[in-house]
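Chains as they are written, first to last, in the working numbering: chain P, 39 to 402; chain Y, 4 to 631; chain C, 212 to 345.
Where hints are given, some of them may not hold.
[As the list claims (entries may be wrong)] Within a straight-line C-alpha distance of at most 30 Å, the following computed DSSO-like cross-link-like pairs (lysine-lysine) qualify: (1) P:K40 to C:K264; (2) Y:K43 to P:K361; (3) Y:K563 to Y:K606; (4) Y:K47 to P:K361.
These aren't lab readings, by the way, just hints derived from the structure by calculation.
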Amino acid sequence: MKQTLFLLFLAVSGLSLFGLVMLYSTVLTPADAHRFHWQLAFFGAGLPVMGLLIWMDYRWLAQRPVLYLLAGICVVLLLAVLIPGVGVRSHGASRWLRGLGQPSEFAKPVLVILLAARLARQDLPLAGDGGRAFFLTLLLGGVPAFLIFAEPDWGTAILLGMLTFAMLLLAGARWPHLALTGFGLVSVFTLLLAYNPLRLMRFLIFLNPQAHEQGAGWQIWQGLIAIGSGGWRGHFLDGSIHKYGFVPEQQTDYIFTCVGEETGLIGTTLVLLFYLGVLRCGWHIMKQAGDRFGFFLAGGCTMVILLQAGLNIAVNTSLIPCKGLPLPFMSYGGSGLLAMFICAGLLGSVAWHSRPGRDSSRPR
Amino acid sequence: MKTHFSNRAALLFGLLAVWLAALEGRLFYLQILHHQEWQKMADKYQLTTRVDQSWRGPILDRNGFKLALTVPVKDVYADLSLWSNRVDLLSGLVAPRLRLDPAGLARYVRENLARRQRSSDDQGPGVLLLKRDLSPLEWAPIAEQLARENFGLPVGHLSTRQRALLNDLRHGAVLVRDAQCRYYPEGELLAQVLGFVGAGDDGHWLQGRWGLESCWDPWLAGQNGICVSSQDATGHELAFCRVTNTPVRDGAGMVLTIDLPLQKIVEDALARAVARHHPVSASCVIIRPSTGEILALGIRPTFSPQAPAAGPQECWRNLVISDRREVGSVFKVITLAAALDLGVVNLDRQIFCENGRWVYQKSVLHDDGNSYAWLSVWECLARSSNIGFAKIALLAGPGPFYDAITRFGFTRPTGVPLPYETPGFIRSPTNWTASSITRVAIGQECAVSQLQLAMACAAIANDGVLMHPWLVRELVHADGTPWVRYGPASVGRVVRVETARTVRAAMEFVVESGTGTGTAAALPRHSVAGKTGTAQISDGHHYVPGSYYCSFIGMVPAGKPELVIAVAVDQPKDSAYGGLVAAPVFQEIAAQAVVRFNIPPDKAPVPPRPGGLVGAPIATGGLVAINH
Amino acid sequence: MNPNPFDSSTSIPQAKNAPGQFAGGPADAGGSGPVPAPAGGRLAAAADRRWIKGAVVGTAVFLVLLFIVYREVYHNHRLYEVNRLRAAEELQRREAQELLRLHVAHEAYLEAELLRLESQSHSPQNIQTALILH
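Full structure from sequences and hints, please.
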């Protein structure tokens with residue numbers, strides 16, 4: 039288990055450091071330098087936070103008062119962001135709270151904890167009754183997702199939806215329930231798209247970004263060029279040029295394109311390997327988990343990290359439409375980085391407190 | 004024992020792993036399989052080729068006065084993608100500042116927008132030229148004003164996108180491009196020699212189309228610089244990622260041998276002559292015989308190189324070098340020189356001039372209505388007897404005579420560095436008829452250019468050495484360092500020194516004797532040697548009565564000439580004689596030229612007559628000669 | 212309903228427990244070693260120490276690489292900055308050159324005017340006047 043924990047540390051630090059290097063590379067003017075410093079600071083803060091969570095016994099989180107507190111804070115913050123004066127509007131969405139970061143990022147680990155706690159209850163008749171338990175769990179996931187959807191931040195909302203779905207699947211929900219809900223959600227989504235042709239067109243840009251390069255497709259088109267022009271070893275040594283402003287917002291959602299250009303296939307594969315490492319650690323920790331709560335907590339945390347990474351990289355390579363999700367550990371964004379460290383910390387906590395011979399207070 | 008939890012977990016995590024593998028595959032597809040295409044696409048955005056326009060060099064006269072100059076100007080364009088919804092608004096704002104009509108501008112922009120949209124180019128409507136050659140000093144305040152305009156947007160409450168739009172409108176609605184414009188400060192002076200420029204089609208902004216501008220274009224235009232480099236997203240060059248860089252080489256400046264004040268004197272005199280006689284054309288060229296320098300070259304009618312298309316194209320023609328004429332009696336100087344050099348005559352020899360009518364080899368020769376009996380050669384030249392010179396030429400013989408003509412350079416172009424020089428036309432003696440020699444002796448049956456004639460006379464002035472005409476003194480690099488210095492170049496000796504001196508003495512007799520045809524050219528304090536010419540003009544079949552080509556070639560001072568001035572007036576409406584039309588023009592010009600060049604007088608001053616007017620008596624038709 | 216894998220009270224007896232319920236086979240590498248053999252424990256401790264040494268060396272190498280990379284990127288940023296300065300300077304130089312050329316053209320214009328006035332004074336009327344006055 040210690041090796042798994044070390045591998046987790048390695049993967050997480052590797053990703054963060056790689057992200058820092060890439061961020062530093064894209065910070066071109068002294069005006070932007072504060073971004074790098076902030077990210078460095080958050081990295082410096084994130085590791086102790088992760089350590090702290092590992093030392094803390096995760097089972098403490100399963101207690102009701104804690105759960106209610108977390109849920110309450112989460113909802114309050116998400117609502118606060120929607121209030122015009124309190125939430126900071128930028129690029130047509132209000133996601134920020136001044137000084138507190140993005141609540142939607144913190145909602146991710148909080149939702150994992152809540153869902154894990156609920157699904158860990160042994161008396162949950164998921165496979166049983168007419169789906170009431172299923173539906174209620176869905177609602178549990180749906181509320182923050184909906185609030186985030188209203189920001190509007192479709193990407194995170196969809197991520198949380200997928201997370202809820204996956205955890206329900208993991209917990210043993212019946213296939214018909216899952217299929218029906220899935221179908222229902224997809225239909226609603228499609229209707230929302232079709233109702234607004236402009237949005238539909240933007241949705242479909244990912245299929246042919248070059249045709250839209252003058253307009254909304256510019257970002258993804260330049261991102262593809264950056265990745266593709268990287269080759270197998272990237273342009274780091276001979277001077278990458280596409281990072282000089284061609285991909286807007288390259289430091290946040292499109293940091294992967296910077297990886298692609300600067301380090302080529304070697305770098306991008308390394309990033310994928312790091313995430314694979316996280317996956318492997320998560321798998322191991324899930325198998326070795328000491329109790330149901332730990333099991334679902336580990337699974338949920340792993341899936342949050344991996345789903346987000348998978349979606350972000352798929353967007354960067356134009357396999358799915360633009361989502362607006364940052365790359366875990368690598369994108370610039372203090373709240374995002376902290377949230378991911380919290381998830382990794384929870385994962386580590388499950389690992390540490392489930393290692394054989396550690397805790398004799400609970401029967402094994 | 005596997006439970007279905009483990010199955011489900013395995014399913015989920017398996018899916019995630021497969022997803023990662025799929026992403027890896029996609030990356031492999033992008034970065035390895037299609038790398039070349041993506042790299043090319045990246046180059047399309049990153050690589051930029053910039054052409055640095057070379058600056059066209061100036062043309063100066065020998066004193067440094069600027070004859071042709073390049074001025075920086077701006078060409079104003081409209082970015083049609085920003086105009087497309089706001090044609091009237093923008094026309095109203097932009098047109099008055101550019102001194103255009105707003106309604107007309109709006110219509111023009113709309114037409115072009117419609118045309119470009121019809122051609123359905125996915126690059127967007129592009130830019131449209133609004134105005135050319137705007138001075139940068141005029142543009143600067145216009146740019147400032149446009150940068151403060153609001154373009155009808157409410158400045159207080161603007162969304163991000165509207166703010167970006169306002170910024171675009173302020174700085175991008177009207178664009179300028181640096182351009183060059185050729186300025187000729189002296190207006191119509193020296194127009195045919197300088198030529199003019201037009202829009203370049205070889206990558207340069209300006210390209211010479213006529214005259215010196217055209218013929219010396221490669222030196223004047225310089226070489227554009229090409230820089231292939233990378234740029235960032237805003238279009239700024241990344242100089243540390245340059246691929247290739249050829250630095251720009253600005254055009255060289257050209258210094259001519261022309262003397263601008265003298266040129267003004269010439270042009271003014273020609274203008275007055277044109278006003279008096281209303282000829283088809285008038286021209287004059289001044290040569291310094293010792294070096295062959297062309298000090299002035301004036302032609303009327305003229306044009307303005309600033310706007311060459313404003314008048315008829317015939318004015319562009321450099322008559323001095325491109326037109327070949329039968330020059331008539333002026334050619335007798337050459338005949339005399341040839342005969343003297345061969346030793347078949349001397350100046351005192353008496354020639355019988357057949358009393359004004361001579362039939363030789365079935366062709367009739369007249370002496371212009373005069374009937375002379377016996378004339379010395381001095382007198383033949385002074386009175387311009389055709390019969391006399393026909394006989395002199397016969398003494399020389401066709402072969403030697405033609406050789407002398409060739410040595411004087413009449414069968415080939417002089418090599419002046421200007422375009423469209425004519426080589427003249429004289430048939431070789433094998434094609435001469437029996438009487439051709441008598442015609443060639445008096446300047447008929449041969450067509451030469453005024454410059455060839457002037458250079459030939461300059462050879463006589465130069466003690467028998469023919470020089471190449473020298474027009475360009477030197478080329479100077481753009482930074483002022485000298486590049487090429489040209490010098491006088493001699494073609495060779497055409498006659499002996501004594502011959503030249505003798506001919507000059509005879510020519511001086513023409514002007515100074517009082518009985519010669521050239522008395523109107525005499526100056527009060529300087530001795531002048533010269534020859535008049537009055538040539539009939541043929542229309543291809545026979546000579547047209549009443550139209551004459553009047554000319555005079557003179558050198559001053561006669562002993563050791565420092566200037567050779569050739570004047571020609573083509574078909575004056577009133578008088579018909581070179582002595583009456585062209586010689587006074589020579590006198591005007593020469594009188595001011597000797598002052599300009601401080602040529603010391605070599606004639607004793609005539610004591611002043613009571614009555615106050617100073618100056619020697621002059622023939623009719625001339626002006627008062629100055630005597631400072 | 213399947214037995215809850217996590218509730219050990221309902222699960223199969225202790226002796227058959229592998230560290231996790233999902234393995235169903237011998238212990239996987241996640242564990243710190245099977246139950247018996249304190250000798251194996253010592254071996255494991257030695258393996259641990261080697262492993263930690265390797266990890267430390269690896270991390271050190273990684274940090275050195277990171278430093279090198281940081282220097283490269285910093286150098287690149289400096290180039291970019293200098294480039295910006297150079298471009299601004301170049302723009303200034305061009306503007307100054309344009310002004311100078313305009314000035315030269317204006318000078319030529321004035322010069323031509325002067326010459327024109329000078330030569331006007333040499334017109335015949337003026338000359339005649341000078342003569343008479345003289």
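Now the hints, each set against the structure:
no.	hint	in the structure
1	P:K40 to C:K264	15 Å, holds
2	Y:K43 to P:K361	28 Å, holds
3	Y:K563 to Y:K606	13 Å, holds
4	Y:K47 to P:K361	27 Å, holds
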